[in-house]
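Colleague: Build the complex: two chains, separate frames, hints provided.
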Amino acid sequence: GENVEQHPSTLSVQEGDSAVIKCTYSDSASNYFPWYKQELGKGPQLIIDIRSNVGEKKDQRIAVTLNKTAKHFSLHITETQPEDSAVYFCAASPPFGNEKLTFGTGTRLTIIP
Amino acid sequence: EAQVTQNPRYLITVTGKKLTVTCSQNMNHEYMSWYRQDPGLGLRQIYYSMNVEVTDKGDVPEGYKVSRKEKRNFPLILESPSPNQTSLYFCASSFKAGNTEAFFGQGTRLTVV
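So the protein lines, in turn, are chains A and B. Counting from 1, one number per residue, gives the positions in the first sequence under the numbering used here. Counting from 1001, one number per residue, gives the positions in the second sequence under the numbering used here.
So that you can see chain B by itself, here it is in the shape it has in the complex (with noise of 0.2 Å):
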């Protein structure tokens, strides 16, 4: 089955303490991306990687960092968390960036106190 495999689904964290959400695909996808989701602001993406070890801010990068040794893996890193990065947290992949359905993960929520 295709999918996009993201964890953890909820993490509670403090600020300071590092933490990764990990996201895997199985369909051989080039493009994987990163999005948070708050309210009345829709989806904004936060990272993205057009193929393995290419990897480009997106339009929210502040707090974040990502990798993408592997063609299936793009984790989300937070260095030092903070309240502000309380989110709905959505991993995606496509075949490519655009013009192209976007298969998303079922998302992780995580909240920094």
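Pulled out of the complex, with its shape left as it was, chain A reads as follows (with noise of 0.2 Å):
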């Protein structure tokens, strides 16, 4: 089955710099790549979301790139704000509607104020 790893577990930056969270997957089936942000207290929510025919895609300041050939992804936080502090989920799911989504371990990030 898949197996997905993530890096780092944990991250701190200084508000307004940016922040990266790199994903590796296993399956080179998988074709769906999702990140989820979990705030204190709550569950994860989708964030962002790549499928395999894109290499990146955009949203104000939140961007994930991927890497079909090497196998991994990755997210982007630019001008960092104090509400981005969370813990990052990365995940991976093959095209076939029956095939669960798999996650990394996640990423706690703290900005610095």
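Be aware that one or more of the hints could be misleading.
In silico DSS-like pairs for lysine-lysine, Cα to Cα no more than 25 Å straight-line [stated by the list, open to error]:
hint, chain 1, residue 1, chain 2, residue 2
1, A, K57, B, K1065
2, B, K1096, A, K42
3, A, K71, B, K1096
4, B, K1057, B, K1096
5, B, K1018, B, K1065
6, B, K1096, A, K68
7, B, K1057, B, K1069
8, B, K1096, A, K37
9, A, K58, A, K68
10, B, K1071, A, K42
11, B, K1071, B, K1096
Restraint ranges, calculated between C-beta atoms of paired labels, are given here [as the list claims (entries may be wrong)]:
hint, chain 1, residue 1, chain 2, residue 2, range
12, A, E83, B, F1095, 36 to 46 Å
13, A, P113, B, F1095, 32 to 42 Å
14, A, H76, B, A1002, 24 to 34 Å
Because the hints were derived from the structure by calculation, they are not lab data. Note that the structure is a prediction, hence the values are computed from the model and not measured. Here a beta-carbon is modelled for each residue, glycine too, at the ideal position from N, C-alpha and C.
Modeller: Structure representation (structure tokens):
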């Protein structure tokens, strides 16, 4: 089955700087790669996703890049703000609807004011 | 409002005392699943359900039971809780297993003493 590795496990950045979180996956058939944000006391919530026919996707200060050859994808947050502090999870799943999402182990991002 | 509702949010119990954590979704999703979240281990799937009366083991099913008698409800049952089941639990639902957004509940913090 799919295996997703996520790095780093913790990340602290100064407010206004950029943050990058990286994930690698093992199943070359995977074609859907979402990122979830978990704020304190809440469940994970989808913030952005990318499919394998696209190399990069942006949504305001958040972007995700995908390298299918190397089997890795990354989350980029620019101009970080205190509200970006949270735990972030990457995930991957194959194109078949009956195959589940496999999550990474999470990254705790702390924005230093 | 589309949501997944878990209850209770917090629970402290004693070893061996049966408990049930309820989960309900209002999005008519076919796929529902339970995860536990532990430090450094990310989100690990306990059980999942592809549809009514169809359930199967996830990655860490030992000590847990589930049922899916109605499409909207997916309770998690701990017949004889043990301290190693102390964890943060999340219920999630989606249109299908993978390749689509998963919606998470707010979480249930369980402590078994």
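Colleague: Each hint: holds or not?
Modeller: Now for the hints, and whether the structure bears them out:
| no. | hint | result |
| --- | --- | --- |
| 1 | A:K57 with B:K1065 | violated (39 Å) |
| 2 | B:K1096 with A:K42 | holds (23 Å) |
| 3 | A:K71 with B:K1096 | holds (24 Å) |
| 4 | B:K1057 with B:K1096 | holds (16 Å) |
| 5 | B:K1018 with B:K1065 | holds (11 Å) |
| 6 | B:K1096 with A:K68 | holds (24 Å) |
| 7 | B:K1057 with B:K1069 | holds (17 Å) |
| 8 | B:K1096 with A:K37 | holds (21 Å) |
| 9 | A:K58 with A:K68 | holds (18 Å) |
| 10 | B:K1071 with A:K42 | holds (24 Å) |
| 11 | B:K1071 with B:K1096 | holds (13 Å) |
| 12 | A:E83 with B:F1095: 36 to 46 Å | violated (29 Å) |
| 13 | A:P113 with B:F1095: 32 to 42 Å | holds (40 Å) |
| 14 | A:H76 with B:A1002: 24 to 34 Å | holds (28 Å) |
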